[in-house]
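Novice: Spelled out from the first residue to the last, the chains are:
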Amino acid sequence: MITYLAAAIAAIVFYKHPQYCTLSAQAGCILASALGAVSAVRLLLSGQEKIILHPFESAIPFVSVSMTMDALSAFFILILSILTFCVSIYSIGYTAHYHGKRNVSLFHFLYSTFILSMVLVFTADNAVFFFMAWEIMAVLSYFLVVFESEQEENRQAGLIYIVMTHLGTAFLMIAFMLMFYYTNTLDLYASSDHIPDTGRNLMFLFFLIGFATKAGVMPLHIWLPYAHPAAPGNVSALMSGIMIKTAVYGLLRFVFLYLGIETPWWGLLILVIGMGSAVFGVLYALIEQNIKKLLAYSSIENMGIIFIGLGIAFLAFAREIHWVGALALTAALMHCFNHTLFKGGLFLGVGSIHYATHTKNMEELGGLIKRMPVTAVFFLGSALSISAIVPFNGFIGEWLTYQSIFASISSENAALNITLIISVAVLALSGALAAACFIKLFGISFLGHPRSKQAVQAEEVPFTMNLGSGLLASLCLLGGLFPLIPLNLLSRVISSITGNGVVGQLQGGFLLAWYPLKISGNNNTVSPLLILVIVVLLIVISLLLLRAFGGSYRERKFSTWDCGFHSLTPRMQYSGTAFAKPIKIVFKIFFQSSRDLKFQGDHPYHPESMEYTITTESVFEKYVYVPVLIWVTAWSKRLKFMIQTGSVHTYLLYIFIAVLVLMLYNRLG
Amino acid sequence: MIAIANNLIQLLVILLLAPMVDGVIRKCKALSQKRQGAPVLQMYYDLFKLIQKESVVSETASWIYKATPYIVFSTAAAGALLVPITTLVPSTQLSGDIILLFYLLALGRFFMCLSALDTGSTFGGMGSSREAMISSLIEPSILVSVFTIGLIAGSTSIYQMMRAMTEVGNPLFHPVFILTFLAMLIIILAETSRIPVDDPATHLELTMVHEAMLLEYSGRHLALMEYGAAIKQLILMTLVANLFLPMDQLISFPGVGAFILSIVLYSLRVIFLSIIIAITEISTVKFRFFSIPNLAALSFILSFLGFLQYFVLGR
Amino acid sequence: MDSYFDILSVLILLSSIILVSHKRIKSYIKTFRIQSALIALTAGIMGWNSLMEEGSFDILVVCVIIVLLKVIFIPRLLHKTYGSVEYKVEKDFFLNIPLLILICCGLVVFVYFSVSNISGLNEDHLNLQVVNSFSVILIGLFFMISRKWALGQMIGFLVIENGIFVTAIFSTNGMPFIVDIGIFIDMITAILIMGIMVMQINKQFDSININKLKNLKG
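Residue numbers (this note's numbering), protein chains in the order written: chain A, 1 to 669; chain B, 1001 to 1315; chain C, 2001 to 2218.
Certain hints may be false.
As the list claims (entries may be wrong) - When the alpha-carbon atoms are kept at most 20 Å apart in a straight line, the in silico SDA-like pairs for lysine to any residue are as follows:
#1 C:K2091 / B:V1285
#2 B:K1027 / B:I1271
#3 C:K2080 / C:F2094
#4 A:K581 / B:S1291
#5 C:K2091 / A:V377
#6 B:K1066 / A:V377
Stated by the list, open to error - Residues on chain C that point at chain A, a partial pick, calculated with CB under 10 Å:
#7 N2096
#8 L2099
#9 Y2112
#10 V2115
#11 S2116
#12 G2182
#13 F2184
Unchecked claim - Pairwise CB distance ranges, derived in the manner of DEER restraints:
#14 B:S1267 / A:N413: 26 to 36 Å
#15 A:Y623 / C:K2212: 27 to 37 Å
#16 C:Y2087 / B:A1201: 52 to 62 Å
#17 C:F2094 / A:A170: 37 to 47 Å
#18 A:L597 / B:F1287: 43 to 53 Å
#19 A:P604 / B:L1206: 55 to 65 Å
#20 C:N2209 / A:E363: 34 to 44 Å
#21 B:Q1052 / A:T615: 51 to 61 Å
In case anyone wonders, no lab produced these hints; they're calculated from the structure. Owing to the predicted nature of the structure, the values given are computational and were not obtained by experimental measurement. A virtual CB, placed ideally from N, CA and C, is assigned to each residue, including glycine.
Okay, chain A solo, but in the shape it has when bound (with noise of 0.2 Å):
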């Protein structure tokens, strides 16, 4: 922690030589990060409860900066570091380009106290201090995303960004000012059982609204598409892969840990959120040809995965089948983890591209496999985990998740049961639509001809961009083999948390990580390392016998089959909008887009140009957000007017009573 802020300082006495700033601060957040994975792993491998800090107490009551790290943020701080890691490995070569150009140290500066704040977040003990850190993480975060504050667009979004983010947090200051009223104190290991039930529904429901707030699930989400493509690269990597995750950590200290789950409704509305998300997310990700938009879609769809899996652990906590409950927070867990990692790599990679190519619009780009292509094998790793293709790590998340849906169902309840296997349908079609996503921006920003002059003119990045990049995919891939060795430090932190242990149920000892995942009680094997060495085996035996039956290979190398023309020009590949059409012709509810074909010309039948614009309507925006606006903004101005009259009179006025009632308040009171 203390080098995080080492590493902030010295970002600003560089501030005259951008080439030791990078270094020097991107050196201290890696090696802070460094300390923060293994101390978190430490804590985790010795069991122990918990670690308790407290730098300052201060005489202002309630507010005490003291931090206490316990299992659950042993582990978020876990996949913080190892995110900042290799982020911080990229940025030394990616904010090479902004030499310079901008003020690179404000740039490290901002960075590594965001870092330090979202630490913060994770091992507050204490409301205050958590909402103070988290208030520091939200305006930070503001502040990054709009470093590149001289297009109209990202000044927009970090607008659109810090109003919702102030309104979730305005739920969170009223759930928290609940809860000192319930038990006059403030700190987060207290007991909670003294508070009735309706105030418990009460704050379960503000902290839902501000913690899906910063989740960015539906129908909150509208922030994250704006947020993400407009911060920086390794900014956005960031803020995709920690800083969401961050509402599923206060979701469960909050609710799962302070609150205790007793009613079933509870889980049953984080699910339903959860299905929601994951299809409209994975829908709209589908149909953008901005890669980080598509991106930050996706983050969506993945968040709203992991709420399905919070939402099944609530339920089953709720009916007392405790090792279900903590087989779906296995699954939610995991889910967070690998997604830390796939998106991570995901964005980095197309920060890779940007930085390339100099464009975001998918359209533009193609054929970048052959000018990149160390690039490209790292991004295809990750976009296979995202798919959950098997022996990558994101297969194990949704597997997981798969079998705490099948261990629920079988129960008495019908209308239970039919909801559950409408999520198990929802979870289906999301992992196929998002494979079909991945399939669409690998293959149109890789593969195939170029399709202007700037991805033809492409090179391949920087070493350390591919380092950061690489870390993760690798990591990613390894978490797919051995599995259970995050399993194992996930399952500590859950038998802390509930008293269940996951792996006495996951066959395998520890770090005997290639043993197969085994869930006891229903008899059924995974092991992704097997199926690799078999494929592997398979691949060399058909090589083999293609050889001896075949003779050797010979090939021949030609163009494209043209159908007769002589020429394939690149425009006639398939483009972004062409391989989504079909599925946004299925889904046309969802998207109510509009076509517009306008002519240059003397007549319209012999036309100069012609041109041909498709838009989509974002259905949230412009039915439930728009309309609130429009009252709010209407509702305010009548205010002003009643209120501000612009005379001295009235204001001194209003002093007077504001006076007067807070004495009657006091004597009565």
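Once you have looked at the hints, place chains B and C on chain A.
Specialist: Same frame as chain A, now just chains B and C:
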């Protein structure tokens, strides 16, 4: 030891039987059109001929184009190791989970779609985009049917499910299983690109879905892709044959003889199923592409109703 | 025996859902025919059972009447009526077909929730057959709502008829003979009248799209 030998025999049987299924279907279609048609073993001859030819590779293609046939073939063959032919031998670690099976086949499909985009031709993009849509729409139905059977059997391991179905007796006399069987038939038609979803014998590029992705391939690459597709078809048919038409409970004597009898019965069931698929192909036409969501919705409803009949309505 | 009835009730439900997913005139009539054949089979098995056990003929007679009327006579009548219509495939729908199928699914769930509390029907386990056959009635009504051509209304009415009959025989193992005959006579009259009306509408307006009746508004 016996279990590993069982798995290897299973792999061999599936590898040998896969082109025969294709031959049977083609022969049925030819006979129904009052032609002789190609011999039943035609696909073996085709594969052998293709292996010996040279490959023509496009200049735009990258390593993905050349790696995909191997990946498609080996994922399909690895899937063949996971699906038991006979339930007489108890399972090992290898007889896997059904969710694992479907996501393994998804690996092959991912790379196939990518390789079609790799060559930079219009037909490849068209095939990829259509295949992406069809597979996304059919996926919920697959998982709901699989979950229904798995929940009845108590596990998602394929061996457990087949074992449980042999204990049920005649599955097709229960409402749950009829509905799930019909849903899985539609799933097989969609996943193996048969009429009414996609015509495997078409020559018009505009109507191709699966063929469009194979358009650029030639020589041994084409042989591997076709073989991989045939193996995938046989795996899905094995699932249906063993889950819905189980005959292993009729074999009451142990020993090697029983094992061989079980494999022979399995082959007969597979041929029976391929005749059913051929009859379906003969009696309908390829649907308009945007009528495929109707078919996918029907399949989803069938599997959902199957789940309802058992878990909500109690039988 | 009970399992045969289970399967038959599921197949009848299936045929009504397949009916919703079709678009051509001939497919409507063919699916209706298959559904009536299945119902006749059900009634036949039930009638055979009652003949063996009690020696009573009524259900068998009803089965024969169904075969004559609904499997042979009415489809032929419908074919003749619609032979002269110009367009044979319905193209214009209020909602698209996958959505209609999903709504049918929701109807089945809804029927389950309404019927599951009736204690007379569900002695120790839930009566699967009643839920399935009741859904056929609702799906028939839904079919009437969702189609714009007059043929849709007729077939929907006939499917409702089918559904009522099947619900009755599943829940009480046979209806009084007189009631059955009465229903059939009513149905025949209604069909004959509807058939004649549609022929006249087609001759007069050259279209059987009843949505155009809106033009007659004030």
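Novice: Flag every earlier hint the structure violates by its number, smallest first.
Specialist: 3, 5, 10, 12, 13, 14, 16, 18, 19
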